[in-house]
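Chemist: One-letter residues, chain by chain:
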Amino acid sequence: ELKVEQNPLFLSMQEGKNYTIYCNYSTTSDRLYWYRQDPGKSLESLFVLLSNGAVKQEGRLMASLDTKARLSTLHITAAVHDLSATYFCAVDIWSNQFYFGTGTSLTVIP
Amino acid sequence: EPEVTQTPSHQVTQMGQEVILRCVPISNHLYFYWYRQILGQKVEFLVSFYNNEISEKSEIFDDQFSVERPDGSNFTLKIRSTKLEDSAMYFCASNGQGRSGYTFGSGTRLTVV
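Listed in order, the protein sequences are those of chains B and E.
Under the working numbering, read the first sequence as residues 1 to 110, first letter to last.
Under the working numbering, read the second sequence as residues 111 to 223, first letter to last.
Treat the hints loosely; a few may be bogus.
Incomplete in silico selection of chain B near chain E, CB under 10 Å [stated by the list, open to error]:
#: 1; residue: VAL4
#: 2; residue: ASN18
#: 3; residue: TYR22
#: 4; residue: LYS41
#: 5; residue: GLU44
#: 6; residue: ALA90
#: 7; residue: ASP92
#: 8; residue: GLY103
It is worth saying that the hints were derived from the structure and are not from the lab.
Yeah, the Cβ is synthetic: ideal placement off N, Cα and C, and Gly gets one too.
Hey, can you work out the whole structure from these sequences and the hints?
Modeler: Written as structure tokens, this is what we have:
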């Protein structure tokens, strides 16, 4: 069974600091997705990474994919309070379903 | 921007009752999905639907669950006899090209009492 693990599970960081969330998965995949979820809300698509070495940036968030290491990272630069949310990675392995990671709950403290 | 619409947003039901969760996917999308998220946990796949039939389902999707696309726009998830452990947020999703990422609906919070 495919395992998708994120770390850390909980992250509390000060405004203005940088940090990285890691997503490891247990089998070969060339597609990885990052989603944001606010409490009680739906999943908002952040990034779609479609190949080894893919890097995408949007505002203070940057995501990358290393398919050989089976690792994706979500880097947060100069965090602001609005980034407080839970972040999920999800892996697609040529089946018709996504396997979601455990989620990282991010709290940005003023 | 096109949206996936789910109704109701919150449903409370008694154990043993049947519930139907409704979804209107994006109109030109071909692939439809249901996922669930128990409070505080990760999102879990239930079922995928393409060309008017189930293409994959998980172990969670047992005989109590069924899906239907009764007309050209709606996509429904039925739980025949709800259990307490069915309490969760249920998300519908759709996409147009199979592997380009989903658009999720806003979810239905199901509470079984």
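Chemist: Now tell me if each hint is right for this structure.
Modeler: Hints and how they fare:
Taking 10 Å as the C-beta contact cut-off toward chain E, the hint placing B/VAL4 at the interface holds, the least distance being around 8 Å. For B/ASN18, the suggested interface contact is broken, since its CB lies about 25 Å from the closest CB of chain E, more than 10 Å. Among the interface hints, the one on B/TYR22 is violated; its C-beta lies about 16 Å from the nearest C-beta in chain E, farther than the 10 Å criterion. For B/LYS41, the interface hint holds, the least distance from its beta-carbon to any beta-carbon of chain E being 7 Å, beneath 10 Å.
Nearest Cβ of chain E to the Cβ of B/GLU44: about 8 Å, under the 10 Å cut. The hint holds. Taking 10 Å as the C-beta cut-off, the interface hint given for B/ALA90 holds, the closest approach to chain E being about 8 Å. Annotation: B/ASP92 was flagged as interfacial toward chain E, and the flag holds, the nearest CB pair being 6 Å apart, inside 10 Å. For B/GLY103, the suggested interface contact is upheld, since its CB lies about 6 Å from the closest CB of chain E, less than 10 Å.
Going down the numbered hints, you'll see the structure goes against 2, 3, while the others check out.
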